[in-house]
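Protein chains: 2
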Amino acid sequence: MSGEKNYECLRLGNQMCFPLYAASREIVSRYKAPLDEIGLTYTQYITMLVVWEHNVISVKDIGKLLYLDSGTLTPLLKKLEQKGYIERKRDSSDERLLNVSLTEEGLALRDKALEVPEKVACTIDLAPEEVSFLCRILHKLIGEKE
Amino acid sequence: MSGEKNYECLRLGNQMCFPLYAASREIVSRYKAPLDEIGLTYTQYITMLVVWEHNVISVKDIGKLLYLDSGTLTPLLKKLEQKGYIERKRDSSDERLLNVSLTEEGLALRDKALEVPEKVACTIDLAPEEVSFLCRILHKLIGEKE
DNA sequence: TCAAATTTGGTTGTGCGCAATTTAATTTTG
DNA sequence: CAAAATTAAATTGCGCACAACCAAATTTGA
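Taken in order, these protein sequences are the chains called A and B.
Residue 113 in the working numbering is what sits at position 113 of the first sequence, and the numbering runs on without skipping anything.
Residue 50 in the working numbering is what sits at position 50 of the second sequence, and the numbering runs on without skipping anything.
A portion of the hints provided could be inaccurate.
Where chains are identical, the list cannot tell them apart; a pair therefore holds if satisfied intra-copy or between any two copies.
[Said to hold, decoys possible] With a cut-off of at most 25 Å between alpha-carbon atoms, the simulated SDA-like pairs for lysine to any residue come out as follows: (1) K60 to E105; (2) K32 to I142; (3) K78 to A121; (4) K5 to G84; (5) K83 to L10; (6) K83 to A127; (7) K79 to S132; (8) K83 to S93.
Please keep in mind that the hints were generated in silico from the structure rather than gathered at the bench.
Quantities reported herein were computed from a predicted structural model and do not represent experimental measurements.
Please build the complete structure, drawing on both the sequences and the hints.
See below:
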């Protein structure tokens, strides 16, 4: 009964995971040059996106939005604090919560960051419908988390 | 002239990069449980996929297929060698090349690995057309590398 | 009311990814 | 042919991701 197993499903090209993994790394890598100019890494950048949107937000809520845990966020937020872009303060009504807030420098950085998505977007050769379809499917995958 | 800048493009939801990054991590994380059972990490797994397909392949060619460099592959391949799944030998006709080949144990592991893509696939709630469309677009993104 | 359970963030350790540099082997060229 | 250029892999160092564990604050519920 054995000897003739079908290993087709183990081919690199026959699993969705690999193109997803490779495309993610490829796109993230395109942020490197523009982000180097403003001195942020990719993860620091998406963290700043969240802080810019909320002005004040807890580590817990950043984690929910980015799907990252404290093991990733704690050292990253300390680094952003060192760079002077954010402040970290315990919430006075619940000392378990750590609130992250924007500094003046952090707010100023936002203007410089405006160029980043522009520079990346023009390297992506997809039709608008392809982008929106892609986003819809990806959100479906992410949404399956909960 | 300033004061009323449009920061819409800096919203987390308005860039393709984030859902791609999040979905990639989400899907890779679904491999963890099945891969734990056979003692491989995700990157070790896709490396074994390539070795299973080729039986003998150089580090250079593995890198081309997975878009990974020696900084990632060298320690990973040493670990796979320690586990007894592969052998590493310099190519006799070009000593710069390091050929990776399957051991008996490595070949046997392939049968156990057959369950992995099955277990992951059934956690992905996408229609077949969605999967194929997704793969097509992702390959378009990856293909832009060259 | 107070002990148990939960929540939040921090810490530690492992394994990638990737840039930058190094070393050795091979190929190209003057 | 010998020097220069190229190529392949290894090494080093940094920054994530993530699991596992911990401590402190808060909530709960008997």
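Checked hints:
1. K60 to E105: Within. Shortest intra-copy distance 23 Å satisfies the 25 Å Cα cut-off; inter-copy 44 Å does not.
2. K32 to I142: Result: close both inside a copy and across copies, 24 Å intra and 16 Å inter.
3. K78 to A121: The answer is neither: 30 Å in one copy and 38 Å across copies each exceed 25 Å.
4. K5 to G84: between (59 Å within a copy, 23 Å between copies)
5. K83 to L10: Only across copies: K83 and L10 sit 20 Å apart there, 45 Å inside one copy, limit 25 Å.
6. K83 to A127: Neither: 38 Å inside a copy, 45 Å across copies.
7. K79 to S132: This pair counts as neither: shortest intra-copy Cα distance 34 Å, inter-copy 41 Å.
8. K83 to S93: Neither: 27 Å inside a copy, 52 Å across copies.
This entry does not satisfy hints 3, 6, 7, 8, going by the numbered hints stated previously.
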